[in-house]
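A.B. asks: Sequence:
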Amino acid sequence: MFKSILIVCTGNICRSPMAETIFAELLEGTDIKIRSAGLGALVDQPIESTTLAVLDKHGHTPAAHKARQLTSAMLGDADLVLVMEKRQLASVLQLSSEARGKVFLLGKWQDEREIPDPYRQGKAAFEHAHALIKESVQAWATRLTL
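Quick note: the sequence shown uses my numbering, first residue 5, plus one each step.
Keep in mind the hints are simulated off the structure, nothing from the lab.
Just to be clear, a hint being listed does not mean it is correct.
Below 35 Å or equal to it, Euclidean Cα-Cα: the simulated DSBU-like pairs (lysine-lysine) are [to be verified]:
hint, residue 1, residue 2
1, 112, 70
2, 7, 127
3, 138, 7
4, 106, 138
5, 37, 112
Model the full structure from these sequences, guided by the hints.
C.D. replies: Below, the structure written as structure tokens:
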């Protein structure tokens, strides 16, 4: 059983905190911990403002957030690591080859779909990312709680 899930993106201010928020809501009442980090994190920055607006529009309330840089220790502590893009999967394994076997695309159940980075794009890009993330997180949550 998975007890700790780590969600990884680039800056840890858009996609991974969005996924972390939705995952935490779907898994509320379980003992699974959801965390997020970035490969090139904007350390200590809050969730990006458009990300917050999109989450709010869809009825999600994120916990307080400060961007964190991904470390090999975080990867070691996680039972499951979910990334947004294939190149991030390779970067994670380069940081910690021991993570092999527990790192997957968030969009694994949607034909290995990648989730594009909406950072510094218009609101439509954030809405698109939200739709893809929500669908992917729901697929993982269903499989994790069977």
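A.B. asks: What's the verdict on residue 138 and residue 7, does the C-alpha distance respect the 35 Å limit or exceed it?
C.D. replies: At roughly 20 Å apart (the allowed maximum being 35 Å), residue 7 and residue 138 satisfy the hint.
A.B. asks: Need the status of pair residue 106, residue 138: alpha-carbon distance at most 35 Å?
C.D. replies: It holds: about 21 Å lies between the C-alpha atoms, which stays within 35 Å.
A.B. asks: Against the 35 Å threshold, does the CA-CA distance of residue 7 and residue 127 hold or violate the hint?
C.D. replies: holds, 33 Å
A.B. asks: Hey, residue 37 versus residue 112, does the alpha-carbon distance stay inside 35 Å?
C.D. replies: holds, 20 Å
A.B. asks: Keeping to a limit of 35 Å between CA atoms, is the pair of residue 112 and residue 70 held or broken?
C.D. replies: holds, 27 Å
The structure is consistent with each of the numbered hints, conforming to all of them.
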